[in-house]
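Q: Read off the chains here:
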Amino acid sequence: MVRTRFQQEIEELRERLLRMGGLAEQAVDRACQAYSERDLARCQMVLENESLINAAEREIDELAFDILATQQPAAVDLRFILAVTKINSDLERVGDQAVNIAERVMDMIELPVAELPVDIARMSTAVAAMVRRSLESFVEGKAELAQAVLEMDHVVDRMRDEAFIMLVRKMNEEPQVTQQALDALLVARNLERVADHATNIAEDVIFWVRGADVRHHAQELAAAQAARQTTSPTTPQDSEQ
Amino acid sequence: MGVGITVEHVNAYYGKSQALFDINLVVQANHATALIGPSGCGKSTFIRCLNRMHETIPDARVEGTVRIGDLSVYNGTSATQLRRRVGMVFQKPNPFPTMSIYDNVAAGLKLNGFRNRKQLDEIVHKSLTSSALWDEVKDSLHKKSGASLSGGQQQRLCIARALAVQPEVLLMDEPCSALDPISTGKIEELIFQLKEQYTIVIVTHNMQQAARVAEFTGFFLLGKMIEFDKTEKIFTNPSDKRTEDYVTGRFG
Chain A
1 MVRTRFQQEI EELRERLLRM GGLAEQAVDR ACQAYSERDL ARCQMVLENE SLINAAEREI
61 DELAFDILAT QQPAAVDLRF ILAVTKINSD LERVGDQAVN IAERVMDMIE LPVAELPVDI
121 ARMSTAVAAM VRRSLESFVE GKAELAQAVL EMDHVVDRMR DEAFIMLVRK MNEEPQVTQQ
181 ALDALLVARN LERVADHATN IAEDVIFWVR GADVRHHAQE LAAAQAARQT TSPTTPQDSE
241 Q
Chain B
1 MGVGITVEHV NAYYGKSQAL FDINLVVQAN HATALIGPSG CGKSTFIRCL NRMHETIPDA
61 RVEGTVRIGD LSVYNGTSAT QLRRRVGMVF QKPNPFPTMS IYDNVAAGLK LNGFRNRKQL
121 DEIVHKSLTS SALWDEVKDS LHKKSGASLS GGQQQRLCIA RALAVQPEVL LMDEPCSALD
181 PISTGKIEEL IFQLKEQYTI VIVTHNMQQA ARVAEFTGFF LLGKMIEFDK TEKIFTNPSD
241 KRTEDYVTGR FG
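From first to last, the protein sequence lines stand for chains A and B.
Every letter in the first sequence is one number past the one before it in our numbering, and letter 123, counting from 1, is 123.
Every letter in the second sequence is one number past the one before it in our numbering, and letter 93, counting from 1, is 93.
These are computed hints drawn from the structure, not numbers from a lab.
Please note that the accuracy of each hint is not assured.
Stated by the list, open to error - No farther apart than 20 Å at their CA atoms in a straight line, the calculated lysine to aspartate or glutamate pairs in the EDC-like style are these: (1) B/Lys230 x A/Asp213; (2) B/Lys233 x A/Asp213; (3) B/Lys241 x A/Asp29.
On a predicted model such as this, the values are computed, not experimentally measured, just so you know.
All chains, please: the whole structure from these sequences, using the hints.
A: Here's what the structure looks like:
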């Protein structure tokens, strides 16, 4: 009683999500390169590709909905489809964050170049790695890879906090670069949001593979992390997890 | 009210062939428990061990302990005594074809010497109401035979017949496999309501049915109970790979 059609549909869903993941990952990479190279053309590519990501999101949701309605999946298959729909939503929002970064870069290009005490390139590398590894954990169905992504989220949170402190100080000391510093701060926040979505994807992979909901645990880890940072000045906490 | 069922080290045989291997299970009172598994896995044999129907087959025998409430099924209890407390509904509706609807429901009581007409009327009414059939047959109780009803109605008639002797446990062996989706829906709704008063054990090939009606589910394979757990667990994250392969359709 091996369900051939059902397995084909599951495989189709997996492939579509991977293509969607590729688009979202590419959008973040392009937006980050656009920032570091002040490249208007790359910004426009990010904006143009957003519609592809949105269309992919709708198609994946429709296929998942059809499979749920017609095949009544259970156990690991049910968890897979639920995880796919949630990852789908996270990837679409990764695409939105890439668009936000690209729009910010388009503003920045209009302004004089300023020396800013923030390493956006380093943060971009860390965030891109999180997105890539979260998608790898999905491709390989490996909870261990996903677990590693959860741990990386704290590193990115710290980078965002440091960027906030340094950029606010810069704005106080050199008000003439406030606009540039504010743009960089918002890009750091967008990148941190992308990291949150990668974390959500990793949590969904763990749910699919192990049947374990680790969202609370992740929040506990974050709370413990925050408790350890009580010596740091207060920083905005806009995590969406 | 329903009573719990305790099964310890039950082995069942057809001649020299062993059909069940060391089954241990606790069925909670006033809950529906589903037994699932591929054909020949032993789930029907198991349910028939609970009311001593297995031993009615030549050369068939059962070892082990089964307790239904305080009643020890295989130690000093007669089959008649037992079956007053344990009703059963089968795959194919089996009303007495020549008897009226009324007589079908009253048959068990009459066999036990129950003759009070007024009380019989009340029990027939109550049983047909409980099996959600009363409104459909109340005007033809004595005019129509059991066999004149539709398949779904016949199965609800059989449920009413089982309920009339006021059992504590209701065993159902694939009760919907011969019914259309609407009749199946009615029986499932009925199971949902009946478990407030009875302990229900249902054997089903339809996994979605198990998921819909039962709080607990046991998975049988090759005469062994592989896994027993809350139904949500069995259908979302079973512990055993064999259970997962079966509920996801990868088995076989």
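Q: Determine for every hint whether it applies to the structure shown.
A: Verification of the hints:
For the hint pairing B/Lys230 with A/Asp213, the CA-to-CA distance comes to about 18 Å; that is within 20 Å, so the pair holds. Between B/Lys233 and A/Asp213, the direct Cα distance comes to roughly 13 Å. Compliance with the 20 Å bound is thereby established for this hinted pair. Restraint check for B/Lys241 and A/Asp29: the C-alpha separation of about 40 Å exceeds 20 Å, so the hint is violated.
Violated hint: 3 only; the structure is consistent with all others.
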